[in-house]
Every structure is written in C-alpha cells, then in structure tokens.
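Residues in the sequence shown are numbered consecutively from 157, following the working numbering.
There could be a bad hint or two in this list.
Calculated lysine-lysine pairs in the BS3-like style (CA-CA distance at most 30 Å, straight line) [stated by the list, open to error]:
1) Lys209 to Lys235
2) Lys184 to Lys161
3) Lys163 to Lys202
4) Lys233 to Lys202
5) Lys233 to Lys248
Label pairs and their calculated CB-CB ranges [as the list claims (entries may be wrong)]:
6) Lys189 to Asn257: 29 to 35 Å
7) Ile215 to Lys239: 37 to 43 Å
8) Val250 to Pro206: 44 to 50 Å
Keep in mind the hints are simulated off the structure, nothing from the lab.
Ideal placement from N, C-alpha and C gives every residue a C-beta, glycine not left out.
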Amino acid sequence: MIKLKIKSGDTVRVIAGDHKGAEGKVVKVDREKNKAIVEGVNMVSKHTKPSAKSPQGGIVKKEAPIQISNVALVDTKTKATTKVGFRMDGDKKVRFSKKSNQVL
Numbered sequence: 157m158i159k160l161k162i163k164s165g166d167t168v169r170v171i172a173g174d175h176k177g178a179e180g181k182v183v184k185v186d187r188e189k190n191k192a193i194v195e196g197v198n199m200v201s202k203h204t205k206p207s208a209k210s211p212q213g214g215i216v217k218k219e220a221p222i223q224i225s226n227v228a229l230v231d232t233k234t235k236a237t238t239k240v241g242f243r244m245d246g247d248k249k250v251r252f253s254k255k256s257n258q259v260l
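Working from the sequences, and respecting the hints, build out all of it.
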C-alpha cells in the first residue's frame, strides 16, 4: 500500500474532471483503490428498494468516490491549493503545506 497525502477530514478542491473547482471535506479514503469520497462532490442517483430502513424506497442522492489524483489539498491560511510534504518535528513525522510551510 502506498502512503497518501490526503486524509479524511481534510478540505480539498477538485482539480480535474466533471466537478472541477468544487470544494468539500473528505469523508472517507480508500487506500487500496486510490479513491476518496468528498462531501457534496460527484453526486450520483442510487435506486433503492423498499426495506425496513427506508419503507418508501426510491431514488437517493449520494457521493461517489473520486480519484485521489483529481483532488488537491486546500491550505487553510492562503485558501489556495497546495502540495503536501512530510518532515520531522522533534520525534514526530508531520504533514506540512509546501506553499505556506505551515503544519497541517
């Protein structure tokens, strides 16, 4: 498995694809498939059968996974997309923004 620079809870911006320019919070990251689910981005319609959980059934809108390479982390300080780097801060390995040099 590879080390990903995007984690759940990060704010990201879509940089490629149909939803280019959209921003949202990462809900879940699938490291094996290199995909992330971003809140409010890549919404799809899912047809559901009636069940005990949803007795009505019908069409439900939900987020679909998006490729990790199509999203970029948004720096909280500059509000611009940034690359992520790793460095040692004392005895801990931390992520930092390459644009503002701030620890994430």
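Verification of the supplied hints:
1. Using a Cα cut-off of 30 Å, the hinted pair lysine 209 and lysine 235 is violated, with the two alpha carbons roughly 40 Å apart.
2. With a C-alpha separation of about 13 Å, the suggested pairing of lysine 184 with lysine 161 holds against the 30 Å cut-off.
3. Distance hint between lysine 163 and lysine 202 is fulfilled; the C-alpha atoms sit about 26 Å from each other, no more than 30 Å.
4. Pair hint lysine 233 plus lysine 202 does not hold up; C-alpha atoms about 37 Å apart against a cutoff of 30 Å.
5. For the hint linking lysine 233 to lysine 248, the alpha-carbon distance of about 22 Å falls within 30 Å, and the restraint holds.
6. Roughly 32 Å separates the CB atoms of lysine 189 and asparagine 257, a value that falls within the hinted 29 to 35 Å.
7. Taken as a hint, the range 37 to 43 Å holds for the pair isoleucine 215 and lysine 239, whose Cβ atoms sit roughly 39 Å apart.
8. Between valine 250 and proline 206 the Cβ separation comes to about 49 Å, which falls inside the hinted range of 44 to 50 Å.
The structure is inconsistent with the numbered hints 1, 4, although it conforms to all the rest.
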